[in-house]
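**Q** Sequence:
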Amino acid sequence: MHDKQDESLVVLIEEFLTARATRKPSPHTLAAYRRDLRAVAALVAEDVTTPLPLNALSIIDLSPRVMRAAFARFAAPRAAASVHRAWSTWNSFFTFLVADGVVAGNPMPAVGRPRALLPQPKPLRGADTPELLLASVARDDGRQRDPWPERDVAVLAVALCAGLRLSELLALRVGSVAGRPGERRLEVAGKGGRPRVVPIEADLDRVLVDYLDSRARRFGSRSVRPDSALLVDRRGEPLRRGGLQYLVESCYRRAGIGDRVPRGARLHALRHTFATRLAEDGASAAEIMRLLGHASLASSQTYIEVTAGQQRDAVRANRTNRALAALVQLGRGAAAR
2 MHDKQDESLV
12 VLIEEFLTAR
22 ATRKPSPHTL
32 AAYRRDLRAV
42 AALVAEDVTT
52 PLPLNALSII
62 DLSPRVMRAA
72 FARFAAPRAA
82 ASVHRAWSTW
92 NSFFTFLVAD
102 GVVAGNPMPA
112 VGRPRALLPQ
122 PKPLRGADTP
132 ELLLASVARD
142 DGRQRDPWPE
152 RDVAVLAVAL
162 CAGLRLSELL
172 ALRVGSVAGR
182 PGERRLEVAG
192 KGGRPRVVPI
202 EADLDRVLVD
212 YLDSRARRFG
222 SRSVRPDSAL
232 LVDRRGEPLR
242 RGGLQYLVES
252 CYRRAGIGDR
262 VPRGARLHAL
272 RHTFATRLAE
282 DGASAAEIMR
292 LLGHASLASS
302 QTYIEVTAGQ
312 QRDAVRANRT
322 NRALAALVQL
332 GRGAAAR
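Residue numbering for the sequence shown follows the numbering used here, starting at 2 and increasing by one per position.
In case anyone wonders, no lab produced these hints; they're calculated from the structure. Small disclaimer: the values here were computed from a predicted structure and weren't measured. The beta-carbon is built from N, C-alpha and C at its ideal position, and this holds for glycine as well. It is possible that some hints are incorrect.
Stated by the list, open to error - Here are the in silico distance ranges between beta carbons for each label pair:
| # | residue 1 | residue 2 | range |
| --- | --- | --- | --- |
| 1 | Arg24 | Ala139 | 35 to 45 Å |
| 2 | Ser83 | Ala203 | 37 to 47 Å |
| 3 | Thr96 | Arg235 | 40 to 50 Å |
All chains should be built: construct the whole structure from the sequences, respecting the hints.
**A** Now the structure itself:
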């Protein structure tokens, strides 16, 4: 075996994260990997016969028995999805160590894990909510110190009509809007470094043109060069994660639809609304998968299933069905007499 067996586990974790960085995960994904690896490792360090500081722990301390005990403690206060994510991270870590010749085998198959449940879509509630939101934000609001409705509408419209993730919105450049009139598209740097193309219709294209024109008036033509960030703040600086989240929250407040936004899905509710409406209008799971940049068909299928459930609920609520149910009950009563 490799002489790295005696190396600190913390050092091996950092080597693994460096190797993972070549796949271009988001900083938040890398931070989650590090958090999961160090959290379980800290439990192992506490649980060995003679407790060790984390930096003194080595890979040879991680037997299947030790990992099972550590994961049992890790799982106790956490949701199943968090435990599943940590298990997958440790599985990838050991796979990396096996490939590098540091350990002979991966102990993780001997460690139980909960079944990963696919998250359920959380679109905006209310059939007219997206339209209400866009109409409200398009109006100048006298209460704003520096209103910029063209920019605000552009942010919401791209999220609602192209279904982009927060990180994908932030990564857009002015030059990401490409193609000839009638064939316009967004070139998206997707999750996990997977690029995709999302067609955009003439109305969204017009919204983006109006926004970029207003931006050129505010900050000059150099501010809309192809390599410039597509979405900027009121100073002309690229929008960052917190700024984009705050902008969307403020749009919800201005439209008075806070009670229609599912908890825990503030900006992501716009992406879910895009996907849910695709499903309602008859798009297949494969089409939704390509447009949203999902890695698996199963994630896209949830939108189809939720929509089918909503359709069944609507049919069940039909007054004719209720009348039919009364007739059936009446018939059963007559037959029993």
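**Q** Please go over all the hints and tell whether each is borne out by the structure.
**A** We went through each hint and held it up to the structure:
In this structure the supplied range 35 to 45 Å holds for Arg24 paired with Ala139, their Cβ-Cβ distance being about 40 Å. In this structure, Ser83 and Ala203 meet the distance hint of 37 to 47 Å, their C-beta atoms being roughly 43 Å apart. The given range of 40 to 50 Å is respected by Thr96 and Arg235, whose C-beta atoms sit roughly 46 Å from each other.
Every hint, counting from the list given before, is met by this structure.
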